[in-house]
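Residue numbers (our numbering), protein chains in the order written: chain A, 1 to 180; chain B, 1 to 594.
Worth flagging that the hints you see were computed from the coordinates, not collected in a lab. Just so it is clear, CB atoms sit at the ideal spot from N, CA and C, and this is done for glycine as well. Some clues are possibly wrong.
[Said to hold, decoys possible] Partner residues are not named here, just some residues of chain B that face chain A (Cβ under 10 Å, in silico):
no., residue
1, A14
2, L274
3, G293
4, P300
5, P302
6, F304
7, A352
8, L353
9, F588
10, L592
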Amino acid sequence: MLISEREQLRANIERRVIDFGNNRSALIPVIQEVQQKYGHVSEYVMQVLADVLHIHPVEVYGVASFYSFIGHKPKGRFIIRLCRTLPCEMKGKERVARQLENDLGIHFGETTDDGNFTLEWANCLGMCDQGPALLVNERIYTQVTPQSVHDILEECREVFGVHTTLQEKEMSCELPTSAK
Amino acid sequence: MAFKNYILVCAGTACESSKGIALYEALEKELKAQGVDAEAQLVKTGCFGFCEQGPIVKILPDESFYVKVSPEDASKIVSEHIIKGRQVKELLYDQDQSSGTSADSIDFYQKQQRIVLRNCGVINPEYIDEYIAREGYAALEKVIFDMTSDEVIKELTDAGLRGRGGAGFPTGVKWGFTKNAQSDQKFIVCNADEGDPGAYMDRSTCEGDPHSVLEAMTIAGHTVGADQGFIYIRAEYPLAIERLENAIAQAREYGLLGDNILGSDFSFDIELRLGAGAFVCGEETALLASIEGKRGMPIPRPPFPAVKGLWGKPTVINNVETWANIPMIILKGSAWYSSIGTETSKGTKVFALTGKINNSGLIEVPMGTTLREIIYDIGGGIRSGKKFKAAQTGGPSGGVITEEYLDTPIDYESLQSIGSMMGSGGMIVMDEDDCIVDVTKFYLEFTVDESCGKCAPCRIGGRTNYNILDKISRGQGKVEDLDTLKDLAQAMRKASLCGLGQTAPNPIMSTINFFEDEYMEHINEGKCRAGKCKDLMSYTIIEDKCIGCTACARVCPVNCISGEVKAPHVIDQDQCIKCGQCFTKCKFDAILKG
């Protein structure tokens with residue numbers, strides 16, 4: 001990362017911390033914003049937050065590592081979280097899980113080599129009567145079947161055209177709104 | 001402008017993901033195309049609860065209730081119903097119309113009484129005016145101008161409202177503690193961190209009627225003397241978050257949140273805080289820690305948050321469903337509310353019916369309704385005519401209810417007395433195909449995964465219990481293991497810091513109590529009667545029945561089925577991953593599971 005980028009990031013974080021009341025309570029909302037924008041919370045971000053909030057970086061790390069939606073390692077642009085709880089299991093989540101692993105060539109907890117997809121488990125998405133359910137970034141898919149896994153992944157892949165540069169890809173990680 | 005018809009389309013997450021949006025757009029287009037867009041108004045509503053039959057369309061004023069409507073049906077609905085005034089028969093739930101065509105005539109709704117879900121599926125949750133038109137914010141007005149704080153608390157106490165998050169603490173008493181606590185600042189918190197697998201009523205309420213929560217929180221603020229509220233909601237619920245954000249903005253615009261509410265000298269505002277995927281944050285002290293920007297770990301109680309909560313200040317913290325009850329109690333009075341329900345549990349309870357049941361969905365029934373009524377009359381019985389085995393209530397903190405207890409009237413005490421729990425109201429119905437050991441393992445896996453790790457009984461006890469269950473499910477268990485499970489469960493109950501650890505062993509205790517024979521079968525005979533424990537089962541091909549169609553060999557993902565065309569096939573047991581695809585595929589019942 002270039003120095004200027006880091007400075008910009010620091011300035012952004014400082015500004016957002018003030019927006020959220022300039023106290024410890026701002027920590028999680030700001031971490032969530034960083035997570036959403038960059039896909040992970042780097043050590044640099046943690047240090048900046050510690051400086052701004054006048055707490056030890058270990059405190060920040062403690063928070064960042066506690067919550068499963070926050071990661072300190074880079075994750076894929078699309079984070080696919082499949083519900084693994086009982087109601088979804090009863091509706092056949094296992095086969096959906098196998099299909100996801102086969103199609104992406106990774107296991108749960110891993111990220112594809114191209115950095116596009118991360119596969120994770122989630123504990124209940126609240127779609128218990130519509131299972132199996134999965135969450136792609138902030139979009140919920142219900143009654144997923146091994147067949148529809150393919151369509152969901154294809155929908156995600158459409159976001160990355162062949163000729164898009166890495167930077168452009170980063171900017172367009174939102175799923176198309178017309179999807180599904 | 002008055003419309004001749006109102007077309008209500010469900011826009012909850014469930015219907016949205018089953019093409020609800022496309023349906024809405026198709027109806028919009030058809031209304032325009034057929035030139036009747038001035039006669040009928042389209043309304044996006046919250047969840048009707050009958051998600052099994054979604055997407056649902058309801059047409060007012062005749063209350064026709066159309067189910068499983070696809071975008072292709074839009075043109076017919078408009079041309080037949082809106083223009084010609086004839087119902088589209090094939091879309092009605094009850095096609096022979098023996099019992100009528102409106103929602104009330106459907107079994108699913110007949111035994112329900114909707115207080116919490118009063119507005120879900122009726123109003124458009126994105127417009128505050130629709131909420132106001134249904135007596136919304138009238139309770140707040142009454143509290144600010146016509147009632148004293150003590151009167152409000154007395155009303156809630158007399159009504160007998162108890163916390164719907166699971167523990168069932170009397171709400172009025174809780175508010176009384178906070179009101180009487182001396183402090184320069186107090187807080188109101190809404191716990192929308194619903195995480196129990198199988199429960200989703202809080203999501204539906206926030207999506208379908210967000211203002212009822214905001215109104216109730218504001219009432220609490222006025223009553224106890226707080227000026228700041230927080231709603232802590234799971235990040236897994238994007239639509240609920242969006243609706244709440246929108247509702248807060250509208251309430252501020254209307255002067256129902258912010259400074260000098262309704263022209264009085266009372267000021268109150270609400271902020272949203274998002275969870276980040278930690279189930280334990282549904283525990284109140286952990287939730288408050290999370291709002292403060294810390295790891296979501298519980299702390300010992302007392303002191304209870306009602307006297308020492310957020311930043312050490314007195315804090316009223318209630319669950320979404322509890323909040324949604326409050327405006328109705330204020331408006332209709334405690335006498336009305338306490339007339340519903342049982343001796344100790346008043347009012348209604350929302351349950352999420354899931355699992356092997358015909359009509360899964362969200363239902364609201366008076367306390368004291370029996371499980372049999374819920375499962376058979378409302379839920380329509382067990383799917384594909386299988387035999388009922390048990391219903392799991394209370395999620396990972398609850399237990400199972402078996403056939404013999406189906407007639408127990410449901411309330412907080414009765415459920416506890418049979419070893420289960422009200423919990424947040426998830427109800428997972430299991431049939432004979434579900435293995436009780438497997439189900440228990442599921443819950444333990446969940447609590448182990450979600451344990452915050454602060455106290456040893458939960459962290460170590462949960463893991464050890466899980467390991468033992470895993471062993472049993474692989475046929476390597478010993479009879480003594482059941483005693484170890486029970487001992488550990490007792491220790492966890494007594495010594496864990498918070499509700500998560502204290503109740504995590506409930507599924508174990510409850511299932512051993514009712515289904516000890518099944519545990520023994522796993523241990524002694526290495527047999528899983530439901531065929532769920534993969535290590536205890538195998539698939540074999542019955543030579544006489546196999547005609548050699550090769551369907552199974554083609555579907556096998558690991559290519560472990562071999563055999564010539566038109567000759568019996570064989571499964572290589574060493575390679576078989578027991579996915580069951582061949583079993584499902586075989587049309588000749590030639591594959592034996594067991």
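Checked hints:
1. A14: It holds, given that the least Cβ distance between A14 (chain B) and chain A is near 5 Å, below 10 Å.
2. L274: holds, 6 Å
3. G293: It holds, given that the least Cβ distance between G293 (chain B) and chain A is near 4 Å, below 10 Å.
4. P300: violated, 19 Å
5. P302: Since chain A brings no Cβ nearer than about 24 Å to P302 (chain B), farther than 10 Å, the hint is violated.
6. F304: violated, 21 Å
7. A352: It holds, given that the least Cβ distance between A352 (chain B) and chain A is near 6 Å, below 10 Å.
8. L353: holds, 7 Å
9. F588: Because about 22 Å separates F588 (chain B) from the closest Cβ in chain A, which is outside the 10 Å limit, the hint is violated.
10. L592: violated, 21 Å
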